[in-house]
Amino acid sequence: MGIVDLFQWMNDTSLAESIRDSVWLFPMFETIHVAAIVLVVGSIARLDLRLAGLVARNRPVTEVQNEMLPWTWASFVVATVFGLLLFVSKPMVYLSMAFFDVKMILILLAGLNMLTFQHMTFRSVGRWDRDPLPPVAVRLAGGLSLAFWISVVVCGRFIGFV
Amino acid sequence: MLQELTDWLSRTDLSALLSDTTHLETWLIIPLSQTIHILSVAVVMISIGVLNLRLLGVGNSKQTFGRLTTQLTPWIWSALVILFVTGVLQTLAEPSRELLNSTFQLKMALLVIAVAITISYRVTTTKNPNYWDVTADRRRMARFLASTSLVLWLCILSAGRLIAYFGAFES
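Taken in sequence, the protein lines are chains A and B.
The C-terminal position of the first sequence is numbered 162 in this note's numbering, with every residue numbered one higher than the one before it.
The C-terminal position of the second sequence is numbered 1171 in this note's numbering, with every residue numbered one higher than the one before it.
This list has only true hints and no planted wrong ones.
Derived pair list, reagent style EDC-like, types lysine to aspartate or glutamate, alpha-carbon separation capped at 20 Å:
1) B:K1062 x A:D131
2) A:K90 x A:E17
3) B:K1062 x A:D129
Distance windows between CB atoms, simulated:
4) B:A1109 x A:G111: 33 to 41 Å
5) A:W24 x B:V1081: 28 to 36 Å
6) B:N1060 x A:Q118: 19 to 27 Å
No lab work stands behind these hints: they were computed from the structure.
If you're wondering where the values come from, they're calculated on a predicted model, not measured in any experiment.
Cβ atoms here follow ideal geometry from the backbone N, Cα and C, with glycine treated the same way.
Produce the entire structure from the sequences given, and follow the hints as far as they go.
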């Protein structure tokens, strides 16, 4: 069974059919998806802006991180679950959109950036945790993260448009 | 009255320009405006979220509520201004889609209340950063305002997305 068969199977499930046939299921799932994305992007943006030395400069990076990341992760899970529900309702349509593919790639890149930051740059946090302006590598990670996530939102909006 | 305003707006050159889908430059304006709108929603939701969670006794209590409000108010107001400008732009492009839609009208009504609560945070803590902490009654009121604010902003966000699906005026 090839990958296309998998997507066709998803498309033919009664769940997918219910979402397609219902007047309010898709709008409701989409609204929850958007709300979750808003919380992902908002929380990560606040952390990224701290990493860039632009907000909450009087507070340690780790403090802002501990405040924001639980929301980022919880919202990301919700966004993914409801994104999947939207996806299965018409997988072939989404897969035919370049914006969808680019969005997925950008999310992967954002994740990679986060992993790299956690396992490399973050190791030295003891030295710069209280600095209003963290080292260049930290600011770069924050800036990249912000750029990736803003681009994800752009792609997401354009998926709904074309 | 709304119908007349909508009709008048639909006939303006600006409205025609914004809704022109035959040229790439003009076609891009509304999707980009909506993207900026969504990003600004993110700024408001997180900023309001931090303030409200503080009033609910969850989250960081190292700073006074007044100090948090002072830091976050510029971000909230900047985002609200951007939301207003992009909102006006989007409404000008398709006046009837917004103005004659009951979901949009509900969103605007909820927005007035939500913004009023947000303003009250600033006004009450300008002289006394601990205004909401000093008595049990105030703490109770703070929890009520914070819960209401959270629910309101989530409803505003939801209404915003649902305009596309529900509330269109049947003529």
